[in-house]
Structures are given as structure tokens and as C-alpha cells.
Amino acid sequence: MNISRRTVLFGATALSGLLAMDLGGSPASAADDPKTLRLPLARPAGNLDPQRYVGIFAIQDMIFDPLVQYTRGGKIEPALAESWTISEDHKVYTFKLRPDVVFTDGEPWNAEAMKWNLERWMPKADYNWLQVSTNLDKIEVIDPMTVAIHFKQVTPTALIEFSYVRPVRFLSPKAVEADGSYKSPIGTGAWKVDSDTPEGTDLVPNEKYWGVKPTLDKVSLVVIPDARSRMSALLAGDIDAAGGAFIAAISPQDATTLKSGGINIVTDTGTDTMILGFNPRRELFKDIRVREAFNLLIDREAICAALMKGYATPTMNLYPDVIAYSGKRFDIPKRDVERAKKLLDEAGWVGEGTRSKDGKPLNVELVISEDAVANSRALGEVLQAEFSEAGIGLTLRNVDHAARHGDIPQFKYDISLFITNGAPYDPYNTIGLMILSSIEPGTDGKLWEDPGVDPLIVKALSASEAERAEAFQAVSTWLHDNWAMAPLYHAQRVWAHGDRIKAFVVPATEYEMPIKGISL
Amino acid sequence: MLRIALNRAMSALVLVVIASVFSFILVAAFPGNVAALIAELRGGFVSQAVVDKVAEEYRLRDPLLYRYGYWVADVVHGDFGKSLRTGEEVSTAIEKRLEPTLVMIAGGGIVMLVVGLVLSFCGALWPGGLVDRFIRALAVVNISVPKFFLAAMLIYAFGVIMNLLPTFGFRGPTSWILPSIAIGLVPGALLSRVARVSLEEAMSRPFVITAMSKGFGRRRILLRDALPNIVPVVLTAFGMNLAFMIQSAIVIEPIFAWQGIGAYFVDAARFRDLPVLQSCLLLFSVLFIIVNLVVDLLVIVVDPLQRRAMRG
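In the order they appear, the protein sequences are chains A and L.
Position 130 (the first sequence) corresponds to 130 in the working numbering; numbering is contiguous.
Position 275 (the second sequence) corresponds to 275 in the working numbering; numbering is contiguous.
Check the hints yourself; a few may be wrong.
Said to hold, decoys possible - Straight-line Cα separation of at most 27 Å, BS3-like style, residue types lysine-lysine; simulated pairs:
(1) 124(A) - 91(A)
(2) 82(L) - 218(A)
(3) 82(L) - 183(A)
(4) 334(A) - 286(A)
(5) 152(A) - 213(A)
(6) 208(A) - 35(A)
(7) 357(A) - 412(A)
(8) 357(A) - 341(A)
(9) 96(L) - 183(A)
(10) 259(A) - 35(A)
(11) 459(A) - 124(A)
(12) 218(A) - 35(A)
(13) 53(L) - 124(A)
(14) 53(L) - 412(A)
(15) 124(A) - 82(L)
(16) 309(A) - 152(A)
(17) 208(A) - 183(A)
(18) 152(A) - 183(A)
(19) 174(A) - 82(L)
(20) 152(A) - 138(A)
(21) 208(A) - 96(A)
(22) 183(A) - 124(A)
(23) 174(A) - 152(A)
(24) 183(A) - 53(L)
Said to hold, decoys possible - Facing chain A, a subset of chain L residues (Cβ under 8 Å, in silico):
(25) 34
(26) 36
(27) 41
(28) 48
(29) 82
(30) 86
(31) 97
(32) 156
(33) 157
(34) 159
(35) 160
(36) 163
(37) 166
(38) 167
(39) 168
(40) 254
Simulated from the structure, these hints should not be mistaken for lab results.
By construction, the Cβ of each residue, glycine as well, lies at the ideal position given by its N, Cα and C atoms.
Please model the entire structure based on the sequences and the hints provided.
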């Protein structure tokens, strides 16, 4: 029988063929396209409909423009609106639209296009997590380039909300199907989609863009789901940079490894806070002494140094100081096991080993989810060790994204790790959605609930500019004095880039690509 | 022959039905609130009322048996449903993603065959020699190394240090090499053990002694006389391993950033994309069953002993 010999021969030929090709080819080299920026995505771009929450923020941001632009530190600058006025009662915002702007399909940007877009979401109940949607009275077209938005009540967050990525960005009125459903990603932004496949998305400059035109020829976004593979690709020079919490996150451990491999690491102050949240509906945590004890058992400095490799700053504040109205910095308490034990004794939790009260042991469940909160398993293990020293039995329950989405809003946990919304959403969103008890818990859950802080939050959310700083300070002081939660750290925003990038600027929010200010 | 083929096909069909039950039930029984995830992706702040509405719309709270019924009814009409996450038709998405997976399995199959046969023949040619011992050690090491680790090491060695091959992507033959090796090397090592042992066994048969006494060389006897005897065994082992590669693709594809069925499955699992998960699982089972069926039939074709037994 000759088949087998033939198989061997065929196999050998195939192998040598493969080896020959191996030497001939080399990875897609950067030299071919000197002005293409290659960035990784952890997952495909997805549906880019600006009114849906599926696509990657940073890509939507490249394609679709906002009315006003959020810049570092919370400053608002003109974008599709050239200027605006706010009525004396702070209920009417009149926007003067930028002239001579067109969508990439040739449709003009004007009052009609704006009204058409806003009507797609503002009046709908689904979007009432935004004040501009909840408070909307009417949208009035004054002239072809002027639109007034009337609110039923004072809406101080309006400008900042109009800078968000979704659902507020503007789609071409022609980029929809006959029934009004989204068809294609056509905006007025600096970039337009050239190709979009599960492997990646290529964007090219919009030659009709109204602002400063990009200096790059192309941005090629490639989907690399595995974090380790992204590191290899960066080390091999197959991609130019990686980073961004929602783009292709780099862990502190990865950053350390990449740095030793000769990759440049760029960091910027984070805009969010990692918080250990107590379940406000558990009897255990209604006792302020217990909450204080938990706070005192955490060694924040050590967590930042060892777990976060120095890419984080310890905190006792709800917001980092880059967030507007984040208020004065609170002192970080030294870890104090003796004082924590005393507090627990006073609260009635006593005994050797695991403490107990009325025969009930002090066992607490920490729900962690690597999918939702990166690094949470390691953090959970540290907390477990630190709490056990004071006789608190901490068990970790590791769940995935979907399970966390079910359990957290339904308060099926004792303690869990939370991250505040960050720029541009804060300072408004986190206190409004995750603390104010009159709002039903969303998928992010509640950091704390207390009728004592509610009026302070309501006041802060509707305060005029002059009173705002004081009103927000009152909220954060209340939360701090009541040990309402255990803030842990503000993680830095980490990006890594190879030598092909000459200048790199970390974007203002986690919802943008690092394109502005970059040079190859 | 036809009767046997029909028989095998019938039992394969029964297996497919059983596989469909498991594909559905296992996925549907996952913990986690799917309705909340879907609601969140649609946009807006997700309240309990919205979650309830979504659950109602997708019939997520109907009894499991009913839901299986709806699903099977759709599947037999070729409708695999729409992805809960992206709204894309699952059948179109699978079609788009079939190519990388098939390329990976084909590449892996070639690597497996080459590695398996070359190693086992070298071993049999110089039994007990340095090569034989080295091969045995290599096989053991290969079998014990997890595939994802092997893949990462290959990328690091050939992509980063030597910079010979792309570190990721599905862009032409050069980018196929590392994934094929990553997925095919371990099965190749397994195959080499099977082939080596079978060769040894064949070489101790009386006809080999006859051939030797005629003065034929070891190489000629191995190729001419021993090899045909091990074909059915090697073919069966090859088929089994090829079918298992479909599962390895789930691990290997994301590492090399290939957007095949395996990566699609992983992505869907994270988001509890039930229609996608169920369709992928069903597809994996069907592919597994088909590969095995084909191998069974091939073995009957190439093995005179089996044919005679059946005619018998």
C-alpha cells in the first residue's frame, strides 16, 4: 500500500513549504505605511450606533462629534455648538451651531439635524439617567443655526452631559433605515470608518472635518482579546501602543513587564476611585463602628505599592482631585488593628478566632468579578488577610460579568468592589446614581444609601455655580464622617507605546483614543 | 458497505440530537441575569422594570423545556437566532468566522501528522537510540505543557525575540504557522506515541521475521510491511485528535487574535449570548461527530481485516 508513503512525502513537502514561506515573509511592517497608527482593541468595535451602548466609546468618539467638548479638568469648550447662552433661571440653553459643517455623507449640520438627533433619545424614559433627558421640556428651533433647549427645572449638568459620548452624539439623519433604526456610522467627526470586520476597524481622516485635521493617514484598530498577546505584539513592534480602561487595558503588572522590555510607559492621574462598598441593606453595616473598623483594617499604602506597583494613589475621598468639585483631601488613616478590634468589641462582635454576636459569626462575603473590576481577585485576597487579623471571616465569591450584573443591583452581597464613573460623568453621576436612594439601583449597584445624605446630594446636583463647591463638599464630608464606604485608591491611567511614536499624550477621558497630540 | 455507512450515520444522528439537548440545557442553566445584560446593551439606565420587559420579550422566564422547543423548531428551519449582544444573525456570523477555524484545524492537522509520523518513524528506525529516547521525552513534555502556554512561548520566541513571524492576526500564510504549531504539536506528540507503539508491535510480527530472513533492510520493512498495518490505528487516533482540536481552537484563537468560531464562543460566553453559545456548541458537537464518522468509514475502507469481518 502506497498511501502512507505518499502521506509522509506530502507531509514533508508541506512542512518544507511552510518553512520556506516562513523565511520569506515578515510581519506587516510599519515601514509600509509610515503614517498609520496601529492600536489594539480588547474586543471588536461592535455596533457603533451613538444611541446604543454596544460599541467601543473611543471609536464612537472619533466618528461622532458632541455639541460641546469636555477637556481636562472638566472645562467645556465649543464643538458642534459654536457658542451658547444660558437663561437667567438656568432653564433654557440656547446653542448657536457651527456653520459649514457637513456629515461625511454630505448632509448638512443644522438645527434640523440637531433636533432630529435629540428627539431620538431625549424624550425617552430609557435615557432618564441623564438630567437633560429627565428634565426636558421642549426642543425649539429658533433659526436654521440656533436651537434652544427648554428644561422643566434647573439643569446644571446640561453642558457636561452634552459632552458625553452616548447617547448624545450626532448621527447623519440619512444614516438610518426607513423605520428610523440605525444603519451606518456617519458623523461629523475627524475620522470615518474605512473598514469594519470582526478582526478590526480601520479609520481614515474625514476630509470635510471642521476642526484641526488629523496628521495621520490612518488609524488601524486590531482586535487582540488576550492581554498577553497584546504585550507580545507591542514588544515585537506589530502595534504601536496599548492602554485605556475600555480599549485594551494594561494592568500594573503588565506595565512593569513592558517597561523592563524597553517599552515606554506613560501615566496620567486617574479620574475614578476604587472603593470597597458595604451593602447598605445589611444589618451589620448599619453600625458606624463596624464601618469604621473595616476602614481601619485596610492598608491602602501597601495595596498601592504591592498590588498596583505604584500605579495608584491611596485615598479616603470619593473623587480624585482632577474631578471638578471633588473637594478637600481627607487624611488616609494608618492601618490600626487594635482600634478596629476595640470598635468591633464595642459593636458587640466579640470572641476569639472569628468574632460573633448573639451566636452569629462575623463572616462576610466579598463579591469580586475580574470581568467587571480588573485586579479584584488579588485585591480581595489582600483584604481577606487584613480583615482576618481582627477576627473577621472574609470569603471571596468570584463571579463573572453577567452574574455581577444580577447580584449587585439586588444587594446579594455583603461587600464588593466598585469603581466610580470617572470623567466626564463625575462629580454628578456617582453620587446621583450610586448613592442617592430615591434612584433605583442600576447595574452598577449602590455604594451607600442613607436618608441623611439624600438632601445634600439633591442640593449639590441642582446647586448654582456659586454654591456648587460648598454643596459638593457637604456631600463628601458627610460620606467621610460617616465611614459610608471604604475608598481605596485612585488608579493611574496607563498607556504603553513603542519607539515609533515620538510624542504621546494620554487623552482627557477613558472614552477617547490617544490621537490628539500624537506624532509618529 | 452502504448498509454499514447508513448504520453509522443513523447513530451519528442520534448523537446530534443528544448533543443539541446538552448544548441548550447547559447554556440556559448558566447563572447570571441575562436580561439585565441585554437591557444594558440597549442603552439607558437599567431599572428592574426594563429587565422584566426584556425577559418577557426573549421568553427567558418560560420553562426550560418550552424554550428548548422554540429553539429546536427554529434551528431545524435553519434559523439560529440573533446575537443578543450585537443583533447580528448567528448563522451569518458563523459563516464569516468559519474560515480561520478551518484553516487552524487544517494547519494543526498537517503539523500533527508530520510530527507524529516523523517522530514515530525515527524512533522505530533506531529503537532505543538517542533519537528514540529524545522523542519519548519530547512527547511527554509536549503532552504536559498547556496549549496556551505553548502558544505564548511560540509568540515570544518567533514573534518577539527572533521577529520572524507575526505575533497575531489572520493575514496570510506566514500568520498561519504559529497557530498551526500551537494547536498541532501536542496532538502530534500524542500521535507519535500511538504510532511508535503500533510500529513496535507490527515489527514483532512473524511476517517481519520472514522479510528479514529474505535480507530486506529495516527501513524497507518499516515502510513496506509495518506501515500498512498501523494505518487504521493511526487514522483513528488522527481523527480523534483532529476532532479535539475544535475545542483547542477556543483557547488558541483568542491568543492569536483570530476571529474564528472559538473566539466567537469565548466572547459570547462572557456576555451570556445564549443563541451564539448554543449554536457554537451545537456546531462543535456536529463537527466532532462528522469527523468521527468520516474516520470510521475511512478505517473500513483502508482496513481489509475490518471489511472481511463485516462481510463475514
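Evaluation of the provided hints:
no., hint, verdict
1, 124(A) - 91(A), "19 Å, holds"
2, 82(L) - 218(A), "32 Å, violated"
3, 82(L) - 183(A), "17 Å, holds"
4, 334(A) - 286(A), "23 Å, holds"
5, 152(A) - 213(A), "39 Å, violated"
6, 208(A) - 35(A), "19 Å, holds"
7, 357(A) - 412(A), "22 Å, holds"
8, 357(A) - 341(A), "14 Å, holds"
9, 96(L) - 183(A), "20 Å, holds"
10, 259(A) - 35(A), "25 Å, holds"
11, 459(A) - 124(A), "25 Å, holds"
12, 218(A) - 35(A), "7 Å, holds"
13, 53(L) - 124(A), "16 Å, holds"
14, 53(L) - 412(A), "22 Å, holds"
15, 124(A) - 82(L), "25 Å, holds"
16, 309(A) - 152(A), "49 Å, violated"
17, 208(A) - 183(A), "21 Å, holds"
18, 152(A) - 183(A), "33 Å, violated"
19, 174(A) - 82(L), "25 Å, holds"
20, 152(A) - 138(A), "9 Å, holds"
21, 208(A) - 96(A), "20 Å, holds"
22, 183(A) - 124(A), "20 Å, holds"
23, 174(A) - 152(A), "31 Å, violated"
24, 183(A) - 53(L), "25 Å, holds"
25, 34, "6 Å, holds"
26, 36, "5 Å, holds"
27, 41, "5 Å, holds"
28, 48, "7 Å, holds"
29, 82, "12 Å, violated"
30, 86, "6 Å, holds"
31, 97, "7 Å, holds"
32, 156, "6 Å, holds"
33, 157, "10 Å, violated"
34, 159, "5 Å, holds"
35, 160, "5 Å, holds"
36, 163, "6 Å, holds"
37, 166, "4 Å, holds"
38, 167, "4 Å, holds"
39, 168, "5 Å, holds"
40, 254, "4 Å, holds"
Consistency with the previously given hints fails for numbers 2, 5, 16, 18, 23, 29, 33, ordered from lowest to highest.
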